[in-house]
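Sequences listed follow chains A and B, in order. Residue numbers 196 to 306, in the working numbering, belong to the letters of the first sequence in order. Residue numbers 1165 to 1275, in the working numbering, belong to the letters of the second sequence in order.
Heads up, a few of these hints could be off.
Mimicking DSBU-like on lysine-lysine, the simulated pairs with C-alpha atoms at most 35 angstroms apart in a straight line are [said to hold, decoys possible]:
| no. | chain 1 | residue 1 | chain 2 | residue 2 |
| --- | --- | --- | --- | --- |
| 1 | B | 1221 | A | 264 |
| 2 | B | 1221 | A | 305 |
| 3 | A | 247 | B | 1173 |
| 4 | A | 264 | A | 247 |
| 5 | B | 1173 | B | 1221 |
| 6 | A | 198 | B | 1221 |
| 7 | A | 198 | A | 305 |
| 8 | A | 305 | B | 1173 |
| 9 | A | 264 | A | 249 |
| 10 | A | 305 | A | 264 |
| 11 | A | 198 | A | 247 |
| 12 | A | 249 | B | 1221 |
Chain B residues, not near chain A, derived (Cβ > 10 angstroms throughout) [stated by the list, open to error]:
| no. | residue |
| --- | --- |
| 13 | 1182 |
| 14 | 1183 |
| 15 | 1226 |
| 16 | 1267 |
Some chain A residues near chain B, calculated using beta-carbon distances under 8 angstroms [unchecked claim]:
| no. | residue |
| --- | --- |
| 17 | 211 |
| 18 | 223 |
| 19 | 224 |
| 20 | 225 |
| 21 | 227 |
| 22 | 294 |
None of these hints come from the bench; they were simulated from the model. Computed from a prediction, not measured in an experiment: that's the story for all the values here. All C-beta atoms, glycine included, are put in the ideal place defined by N, C-alpha and C.
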Amino acid sequence: LAKTTQPISMDSYEGQEVNITCSHNNIATNDYITWYQQFPSQGPRFIIQGYKTKVTNEVASLFIPADRKSSTLSLPRVSLSDTAVYYCLVAPSGQGGKLIFGQGTELSVKP
Amino acid sequence: DSGVTQTPKHLITATGQRVTLRCSPRSGDLSVYWYQQSLDQGLQFLIQYYNGEERAKGNILERFSAQQFPDLHSELNLSSLELGDSALYFCASSVDQNEQYFGPGTRLTVT
Chain A
196 LAKTTQPISM DSYEGQEVNI TCSHNNIATN DYITWYQQFP SQGPRFIIQG
246 YKTKVTNEVA SLFIPADRKS STLSLPRVSL SDTAVYYCLV APSGQGGKLI
296 FGQGTELSVK P
Chain B
1165 DSGVTQTPKH LITATGQRVT LRCSPRSGDL SVYWYQQSLD QGLQFLIQYY
1215 NGEERAKGNI LERFSAQQFP DLHSELNLSS LELGDSALYF CASSVDQNEQ
1265 YFGPGTRLTV T
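In isolation and in its complexed conformation, chain A is listed as follows (with noise of 0.2 angstroms):
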């Protein structure tokens, strides 16, 4: 399983656009990148999904290089409510393999 490295914070103010990059230098061919999203004391949330160039959903959008070394989610517009911490894991689709959660990077929002 590629191994994923995200930093450990990050601070933002209300309506700015943030974006969170994760590492992936060991990312094989058939792995996705799959991004979750976790309040305290509740389950993580699955936010977004791709395997290359840029996916967008209505929470968020998620740019994968060419290489597929790095991918960088981006949430448009936080508020506060967006204080949480995001996982990004990398694994191939299908059933059977287990996901690591990494640390994650908690995200702070500030009014």
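Since chain A is already given, all that's left is putting chain B on it; use the hints.
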């Protein structure tokens, strides 16, 4: 609401005891995953079941066991409990391992 239910929400027990945590997956999901989250260890994958069969194993102690029943609900059994087993235990279900839906968790306190 993820559609995954877990009971009980809280559990307080003494060292040496045995407890059972229960999880009902989202309708249609065949895979169930168990995770342990403690303050010093982060989110740790324990075990995965797929349609009643064990599919992947993580850092699960020998004192812990799990099973998935024909109706797809799953139980995690923790025995000979130690103080260090105090944690949040999450269950997740999925169609694809990269898009997991987590339950609200069971907070276990061992005294």
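Now the hints, each set against the structure:
no.	hint	result
1	B:1221 with A:264	holds (27 angstroms)
2	B:1221 with A:305	violated (40 angstroms)
3	A:247 with B:1173	violated (39 angstroms)
4	A:264 with A:247	holds (10 angstroms)
5	B:1173 with B:1221	holds (24 angstroms)
6	A:198 with B:1221	holds (18 angstroms)
7	A:198 with A:305	holds (30 angstroms)
8	A:305 with B:1173	holds (31 angstroms)
9	A:264 with A:249	holds (14 angstroms)
10	A:305 with A:264	holds (31 angstroms)
11	A:198 with A:247	holds (18 angstroms)
12	A:249 with B:1221	holds (32 angstroms)
13	1182	holds (24 angstroms)
14	1183	holds (19 angstroms)
15	1226	holds (17 angstroms)
16	1267	violated (6 angstroms)
17	211	violated (27 angstroms)
18	223	violated (13 angstroms)
19	224	violated (15 angstroms)
20	225	violated (11 angstroms)
21	227	holds (5 angstroms)
22	294	holds (6 angstroms)
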